[in-house]
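*Asks:* When you get a sec, could you build the whole thing from the sequences and use the hints?
Okay, here's what each chain looks like letter by letter:
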Amino acid sequence: MEYRKRLEYQSNYWYNDGLKKAKIRDLTGAMASLRRSLQYNRENIDARNLLGLVYYGRGEVAEALVEWIISKNFKAHGNIAEYFISRVQEKQTALEEINQAIKKYNQCLVYCNQSGEDMAIIQLKKVVAAHPSFVKAYQLLALLYLKTEQYPKARQALRRAHNLDTTDDTTLRYLHELHALSRKKEPALKEEKEHSVTYQLGNETIIQPAQAVVRDNSASVTFLNILIGFLVGAAVVWFLIVPAVEATRSRNESRQSVEYSQEIASQKAQVSALKKELESYRTAGDLAEAAQADAASTIESYEALMTVARQYSSGDYSYADMAENLRKVNAGKLGEAGLQRYSDLAEEIYPTVCNRLYRQAEEYHDSGDTANEITVLENIISMQEGYENGEALLALADAYTAAGEADKGKEKYNRVIELFPDTSNAQKAQKGLEGQAANVFGSSYSDDEE
Amino acid sequence: MLDFDEELKKFKPSLEVEQIEDAVYQEDLTDMTEILREMMRQSK
Chain A
283 MEYRKRLEYQ
293 SNYWYNDGLK
303 KAKIRDLTGA
313 MASLRRSLQY
323 NRENIDARNL
333 LGLVYYGRGE
343 VAEALVEWII
353 SKNFKAHGNI
363 AEYFISRVQE
373 KQTALEEINQ
383 AIKKYNQCLV
393 YCNQSGEDMA
403 IIQLKKVVAA
413 HPSFVKAYQL
423 LALLYLKTEQ
433 YPKARQALRR
443 AHNLDTTDDT
453 TLRYLHELHA
463 LSRKKEPALK
473 EEKEHSVTYQ
483 LGNETIIQPA
493 QAVVRDNSAS
503 VTFLNILIGF
513 LVGAAVVWFL
523 IVPAVEATRS
533 RNESRQSVEY
543 SQEIASQKAQ
553 VSALKKELES
563 YRTAGDLAEA
573 AQADAASTIE
583 SYEALMTVAR
593 QYSSGDYSYA
603 DMAENLRKVN
613 AGKLGEAGLQ
623 RYSDLAEEIY
633 PTVCNRLYRQ
643 AEEYHDSGDT
653 ANEITVLENI
663 ISMQEGYENG
673 EALLALADAY
683 TAAGEADKGK
693 EKYNRVIELF
703 PDTSNAQKAQ
713 KGLEGQAANV
723 FGSSYSDDEE
Chain B
250 MLDFDEELKK
260 FKPSLEVEQI
270 EDAVYQEDLT
280 DMTEILREMM
290 RQSK
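Protein chains in written order, with the numbering used here: chain A, 283 to 732; chain B, 250 to 293.
Derived by calculation from the structure, the hints in this document are not laboratory data. Every value quoted in this text rests on a predicted model; they were computed, and no experiment measured them. There is no bait here: all hints are sound.
Interface residues of chain A toward chain B, partial, derived using beta-carbon atoms under 10 Å:
no., residue
1, 321
2, 323
3, 345
4, 349
5, 378
6, 380
7, 381
8, 426
9, 429
We put the CB at the ideal spot given by N, CA and C, even for glycine.
*Replies:* This is how it looks when you write it as structure tokens:
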């Protein structure tokens, strides 16, 4: 059985070769070596298990499981394939997710055959997100990006695939094609680079306008922006906030002014009401005082009248004494009966007293005692103003005029004219007003002057 | 220059988990030992 040994050696040789390649992530090379190893000896468990592991490394999980299951059939115990299978089946959710990703990949192949590249790209993005070690998916995605001229994205997908399997001929061909395209489009890309910035954000390649001018002058632009912002802020404050504040303050002042005005008006009304009340109190006080004085005067008049009546009845008193008391009576305060009694007494007493006083006045006149003459004549006038048809008034007017009290003299002359018009005494009074004395008691003033 | 359609034809559907059993049975396990045995049997 020498040939059998030689076949085993050959199988082991290729297994070792596959192992070396697998260690440096040359998965395609490792697969070729391991398949060759199994062609020499299908029962090379290590080679089959490693082949399954290489499949797993490329994201082909179902193929890996196939190899491990076959390996387990050849050697049921002490086989590491059992460990690999249990580890894969351990996380059912993860296995189901990978299986869904594989199904989507297969669906994408259908889309591609139906010219649905856009849909296929969308689905493949989801596939590589769910199953990041799926080399075939990256390759297909790169092919679609190349077709749609999305070269940066194609490059990115191929780099991922290359990292998983460094010698996959499909990946290498696509990369070569991409380099060739890049060389062709280098001038165009340079121009594009001047106008755009490309960078990676996760799985996406972001391309945005470069805005070189702004970047070159970033400091001055920042300063300009700050200045503009400051000016805008100042304008907002000046045109919007300040007027609003002023308006608010003005409204407050107006409202306060109105309140003060209302308060002042209220105070004025209150003061006016108090003044009116005070005035009414004062009026009431004056009226009460007047009424009191009137009552006192009435009482005094009646008392004086009763005194005179009693004196008159007794017959013990002179007319002069009775006249003195009777002059205290205010006839206006008396009632009808009192007034009648007063008139009776006055008619009885005053003429007699006036006659005596008139003679006394004449005596004073003759003696040149003008002051006493005036006093006596005033007493007569107070009792009987029209005594002797106004002669007492004329005499009093002459006396006042002689005493230098011309105003009082004129007043008395006018009174005579008023009480006794169209009489000789009135004519005398008129002459008295013109400066010629009436000389009722004779011309004693003229004599004195002479 | 890549031919997209030609390249696309090179992509084959990947094996799904539900297809593992069939794949195991359909796997060609013939090796050199078996071929040699057959050759020796026929030469006899």
